[in-house]
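Protein chains in written order, with UniProt numbering: chain A, 1 to 287; chain B, 1 to 287; chain C, 1 to 287; chain D, 1 to 287.
Simulated from the structure, these hints should not be mistaken for laboratory data. Mixed in with the good hints, there may be bad ones.
[Unchecked claim] DMTMM-like cross-link-like pairs, simulated, lysine to aspartate or glutamate; straight-line CA separation at most 20 Å:
no., chain 1, residue 1, chain 2, residue 2
1, D, 282, C, 250
2, C, 87, C, 117
3, A, 29, D, 251
4, B, 282, A, 14
5, C, 282, D, 251
6, D, 29, A, 14
7, B, 89, B, 168
8, D, 282, D, 43
9, A, 87, A, 127
10, A, 282, B, 251
11, C, 282, C, 250
These figures come from a predicted structure and were not determined experimentally.
Protein chains: 4
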Amino acid sequence: MTQRSYRLVGICPDQVGIVARIASFIAAKGGSIIGASQYEDTETRLFYMRYVVDADSLNMDADAFRAAFDPVARELQMEWRLTESAKPKRVVLMVSRLDHCLADLLHLWRSGDLFFEPACVISNHDDLRELVEWHGVTYHHVPVPREDAGKQAAFEQTSALIRAAEPDTIVLARYMQILPPWLCSEYAGRIINIHHSFLPSFIGARPYHQAFHRGVKLTGATCHYVTEELDAGPIIEQDVIRIRHHDTVEELVRLGKDVEKTVLARGLRYHLEDRVLVQGNKTVVFS
Amino acid sequence: MTQRSYRLVGICPDQVGIVARIASFIAAKGGSIIGASQYEDTETRLFYMRYVVDADSLNMDADAFRAAFDPVARELQMEWRLTESAKPKRVVLMVSRLDHCLADLLHLWRSGDLFFEPACVISNHDDLRELVEWHGVTYHHVPVPREDAGKQAAFEQTSALIRAAEPDTIVLARYMQILPPWLCSEYAGRIINIHHSFLPSFIGARPYHQAFHRGVKLTGATCHYVTEELDAGPIIEQDVIRIRHHDTVEELVRLGKDVEKTVLARGLRYHLEDRVLVQGNKTVVFS
Amino acid sequence: MTQRSYRLVGICPDQVGIVARIASFIAAKGGSIIGASQYEDTETRLFYMRYVVDADSLNMDADAFRAAFDPVARELQMEWRLTESAKPKRVVLMVSRLDHCLADLLHLWRSGDLFFEPACVISNHDDLRELVEWHGVTYHHVPVPREDAGKQAAFEQTSALIRAAEPDTIVLARYMQILPPWLCSEYAGRIINIHHSFLPSFIGARPYHQAFHRGVKLTGATCHYVTEELDAGPIIEQDVIRIRHHDTVEELVRLGKDVEKTVLARGLRYHLEDRVLVQGNKTVVFS
Amino acid sequence: MTQRSYRLVGICPDQVGIVARIASFIAAKGGSIIGASQYEDTETRLFYMRYVVDADSLNMDADAFRAAFDPVARELQMEWRLTESAKPKRVVLMVSRLDHCLADLLHLWRSGDLFFEPACVISNHDDLRELVEWHGVTYHHVPVPREDAGKQAAFEQTSALIRAAEPDTIVLARYMQILPPWLCSEYAGRIINIHHSFLPSFIGARPYHQAFHRGVKLTGATCHYVTEELDAGPIIEQDVIRIRHHDTVEELVRLGKDVEKTVLARGLRYHLEDRVLVQGNKTVVFS
Chain A
1 MTQRSYRLVG ICPDQVGIVA RIASFIAAKG GSIIGASQYE DTETRLFYMR YVVDADSLNM
61 DADAFRAAFD PVARELQMEW RLTESAKPKR VVLMVSRLDH CLADLLHLWR SGDLFFEPAC
121 VISNHDDLRE LVEWHGVTYH HVPVPREDAG KQAAFEQTSA LIRAAEPDTI VLARYMQILP
181 PWLCSEYAGR IINIHHSFLP SFIGARPYHQ AFHRGVKLTG ATCHYVTEEL DAGPIIEQDV
241 IRIRHHDTVE ELVRLGKDVE KTVLARGLRY HLEDRVLVQG NKTVVFS
Chain B
1 MTQRSYRLVG ICPDQVGIVA RIASFIAAKG GSIIGASQYE DTETRLFYMR YVVDADSLNM
61 DADAFRAAFD PVARELQMEW RLTESAKPKR VVLMVSRLDH CLADLLHLWR SGDLFFEPAC
121 VISNHDDLRE LVEWHGVTYH HVPVPREDAG KQAAFEQTSA LIRAAEPDTI VLARYMQILP
181 PWLCSEYAGR IINIHHSFLP SFIGARPYHQ AFHRGVKLTG ATCHYVTEEL DAGPIIEQDV
241 IRIRHHDTVE ELVRLGKDVE KTVLARGLRY HLEDRVLVQG NKTVVFS
Chain C
1 MTQRSYRLVG ICPDQVGIVA RIASFIAAKG GSIIGASQYE DTETRLFYMR YVVDADSLNM
61 DADAFRAAFD PVARELQMEW RLTESAKPKR VVLMVSRLDH CLADLLHLWR SGDLFFEPAC
121 VISNHDDLRE LVEWHGVTYH HVPVPREDAG KQAAFEQTSA LIRAAEPDTI VLARYMQILP
181 PWLCSEYAGR IINIHHSFLP SFIGARPYHQ AFHRGVKLTG ATCHYVTEEL DAGPIIEQDV
241 IRIRHHDTVE ELVRLGKDVE KTVLARGLRY HLEDRVLVQG NKTVVFS
Chain D
1 MTQRSYRLVG ICPDQVGIVA RIASFIAAKG GSIIGASQYE DTETRLFYMR YVVDADSLNM
61 DADAFRAAFD PVARELQMEW RLTESAKPKR VVLMVSRLDH CLADLLHLWR SGDLFFEPAC
121 VISNHDDLRE LVEWHGVTYH HVPVPREDAG KQAAFEQTSA LIRAAEPDTI VLARYMQILP
181 PWLCSEYAGR IINIHHSFLP SFIGARPYHQ AFHRGVKLTG ATCHYVTEEL DAGPIIEQDV
241 IRIRHHDTVE ELVRLGKDVE KTVLARGLRY HLEDRVLVQG NKTVVFS
């Protein structure tokens with residue numbers, strides 16, 4: 001964490017010599033590579049990469065590095081970005097009433113274990129105001145009515161609040177409302193949800209009830225990017241816990257909280273550290 | 001394993017005093033209880049139990065014990081059975097071409113780590129004859145044609161072979177055919193299948209392909225009782241393994257073999273030790 | 001949680017008829033058994049049990065039940081206790097500077113997911129006062145000097161604070177001081193510690209450094225009862241997480257926090273629900 | 001598996017430009033990089049790498065590639081090797097009486113799931129001859145007496161058999177003898193052992209008994225390189241399974257077999273695929 005670094009993340013058509021081209025460019029600037037991951041997808045013939053360069057080894061700042069890299073990227077037809085490890089991403093957190101995921105993220109932020117800047121919290125209930133404000137974070141209460149007109153207005157207000165917060169990332173930390181398609185597509189690839197089942201099992205409402213009635217022996221949680229189709233976006237991280245025949249739905253809910261918060265924190269960390277590249281409806285996650 | 005025991009397994013309507021009634025009956029016969037598990041389902045108000053009694057502590061054999069217990073069971077309206085730990089269950093193993101599950105079960109049997117008697121192996125291919133016969137187990141090759149008439153004849157022959165083998169249990173150890181409903185219902189609660197996904201995800205054919213295309217981060221295997229509805233029977237055991245973005249379908253298949261054989265061996269063990277009681281479309285599994 | 005119940009927990013020499021004796025006693029009082037676990041240790045010939053009885057099904061209160069059971073227990077030479085699910089155990093929490101375990105326990109308490117009454121928090125630092133007091137819990141700052149006299153005085157003050165708090169249980173939620181033997185023995189079987197390694201590996205100080213230098217591929221956490229011998233008491237719960245060659249000590253520390261807080265919460269839950277019976281230097285944990 | 005590739009594996013002092021140097025060299029030969037992993041150890045300032053190059057994309061064979069790379073390696077002061085994915089490594093398997101690991105490895109080999117060439121099996125007992133010879137593999141029975149002179153003679157005979165087999169790798173698949181130091185050092189970095197505990201817990205004999213008496217809640221297995229110090233060599237892979245208070249030592253032994261064979265197969269696979277680089281007494285394992 002103490003080492004200031006740049007992360008050069010990109011996707012381009014595969015061809016001989018890409019690594020040489022990238023690495024030679026970095027070396028020519030005096031850059032010391034402190035981490036490099038790449039993946040060649042044999043189906044699509046696409047090349048995915050993440051290079052981490054010691055910022056202090058370079059004789060230029062991030063913007064100059066970007067300007068210098070641009071011609072290389074064009075040549076390789078690469079979609080890319082360069083981010084700085086020292087710059088926290090701005091995150092809007094959305095939540096309903098259950099606070100286990102939110103409380104965990106706020107704790108990880110406060111203790112310095114997860115590096116981001118909480119822009120604000122938006123909730124359709126007012127229950128968690130005290131917790132959030134104690135952390136010094138702004139809390140917006142935007143109730144979401146059931147009828148269409150009210151719902152549309154609520155999401156327009158939500159959208160305005162999000163826009164004002166200028167977030168890099170939006171996290172649905174058990175926000176129990178379905179975002180409208182226009183909002184999903186506005187922030188495509190930047191909205192992260194935690195779903196309380198092992199997707200694609202138990203899509204939609206009340207997954208613990210579904211799991212209970214199917215009699216599965218493990219239950220899980222899934223962290224994924226939100227797309228317009230419900231619970232169908234690219235999966236970032238998943239995990240499961242073992243359950244027993246004597247566990248009631250209430251106990252599944254309680255046991256599930258542990259795995260939900262862990263999986264969301266891990267998935268968000270990968271995203272914040274620019275380790276996740278979307279590959280169609282899947283993800284490449286560099287370790 | 002050295003201790004000879006009786007397993008008294010039953011289900012009855014819940015009421016005050018059942019445990020006292022059962023335990024007093026056993027104590028009156030001088031029986032030493034070396035294991036007792038019970039479960040009260042609050043929804044159905046049913047009581048599930050498994051008592052293990054030291055056979056040598058009783059002053060009677062299994063049949064005498066059964067006869068003595070019968071009135072108690074009637075009084076409690078209990079469906080029950082008494083099995084003997086020293087008597088191996090007869091198992092018919094069914095397999096197609098992939099041998100990882102079959103080889104593992106035969107090895108566990110041969111090394112004494114899984115206690116059963118392999119009645120015979122039935123396969124729609126002849127590939128695994130050598131492996132099976134080396135273990136001294138009878139091998140039946142029953143090809144299953146694609147057209148209906150041939151298929152029906154094949155399953156009638158299969159059914160005759162099973163009947164002749166007088167099995168307690170039938171294990172589909174990656175038998176890649178769908179059994180006809182009449183065969184499923186004839187051996188209801190006694191056919192165990194290993195499905196190569198974490199059910200209810202990826203029901204049906206080619207689950208590893210489905211998992212690959214959905215981009216899940218864990219894949220799994222499910223051991224369940226076979227019912228007339230495909231891959232929908234009561235689940236006995238499940239487990240998962242972590243996969244990575246660079247794993248191809250072929251690697252998922254290979255990685256999955258480990259978890260398939262482990263989950264099938266565990267599920268079958270629970271069944272052979274009379275730890276599994278079916279509860280609607282779920283199972284109670286006593287540890 | 002809604003069902004009020006009594007937990008009858010005991011250990012006695014094994015003999016034929018114990019279950020019958022206990023279950024008949026409960027049935028005679030009209031008690032409905034909603035959970036029963038037992039274990040016969042074949043080495044020591046001891047019988048361990050935990051019975052959960054629906055309180056509303058009994059025609060007597062807890063004290064009357066205790067009085068009625070006493071002669072049965074004497075007859076069976078049983079060490080036993082009867083606790084009430086509706087009565088929260090009083091817990092003293094001790095902590096140093098790292099707050100991940102404490103914050104998690106306070107959150108679980110506040111959200112109703114872990115049922116206990118935080119009597120107070122005692123810390124050798126003042127850092128976590130704000131967090132604790134925000135939860136409405138009393139915070140005692142008792143610095144622990146390095147020299148013997150000061151240390152002895154500090155632990156006498158600690159002991160006085162504990163005594164005044166009248167706790168059922170003391171939790172060392174990353175309290176980085178070694179308690180003196182006299183304090184350990186005063187609360188034998190009631191002090192729970194979380195050790196940040198997979199015991200018995202990496203006993204003592206800086207276990208993550210030890211794990212890093214040994215090059216293990218998994219690291220873990222252990223929740224155990226504190227005895228006079230360091231990190232050697234009966235283990236209640238353990239778990240591990242996978243680590244990679246590129247994880248630094250700092251990352252092990254961070255990754256370990258997740259498993260520490262999970263393992264402590266699970267172990268404490270088992271203890272609070274009277275599921276843990278000490279068996280020499282081991283534990284029986286009823287699920 | 002179908003793609004023929006070269007694996008270029010090396011360790012050298014870290015400096016700016018290594019990746020550029022390697023990748024440019026490969027690109028200059030027309031080589032298509034289909035996998036690249038690297039790791040910079042910040043303590044030792046060493047650089048570890050594994051490049052996988054599509055063999056068919058190169059205009060030269062392996063020896064020509066080696067000759068061409070040699071000057072680059074000298075320049076970088078790199079210790080390196082180039083292996084061919086199409087050339088199976090020759091493996092000598094050593095075993096005592098328990099056959100679960102051996103049977104699993106032979107099965108994986110026979111089914112094509114693990115790519116190696118079993119040179120021979122050496123055992124201090126004659127029990128597993130039939131199993132091994134059925135697989136068409138040579139079996140050597142070399143009894144190991146208890147007294148020193150006999151033991152020395154036995155290991156000289158063992159050493160001669162190993163030398164004659166010209167192995168790349170020696171696997172101790174539950175070979176219950178301690179190899180003499182001179183044999184360990186002769187094949188340093190090439191002897192792989194499976195130890196039946198989660199090292200460094202329970203070093204030496206009867207680890208399941210040790211685990212049972214300590215009362216751990218998880219038990220494990222460790223795959224590591226053999227060094228002269230018992231059970232202290234670099235760890236390649238580990239895993240654990242959950243155990244319960246009612247599990248006897250015999251059950252730990254049985255449960256442990258599953259994790260032993262899985263961990264050995266995984267560790268050996270990493271080694272066979274040249275994913276493991278020794279780093280002092282630790283390993284870098286590229287995924």
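Enumerate the violated hints, using their earlier numbering and listing them in ascending order. 3, 4, 9 and 11
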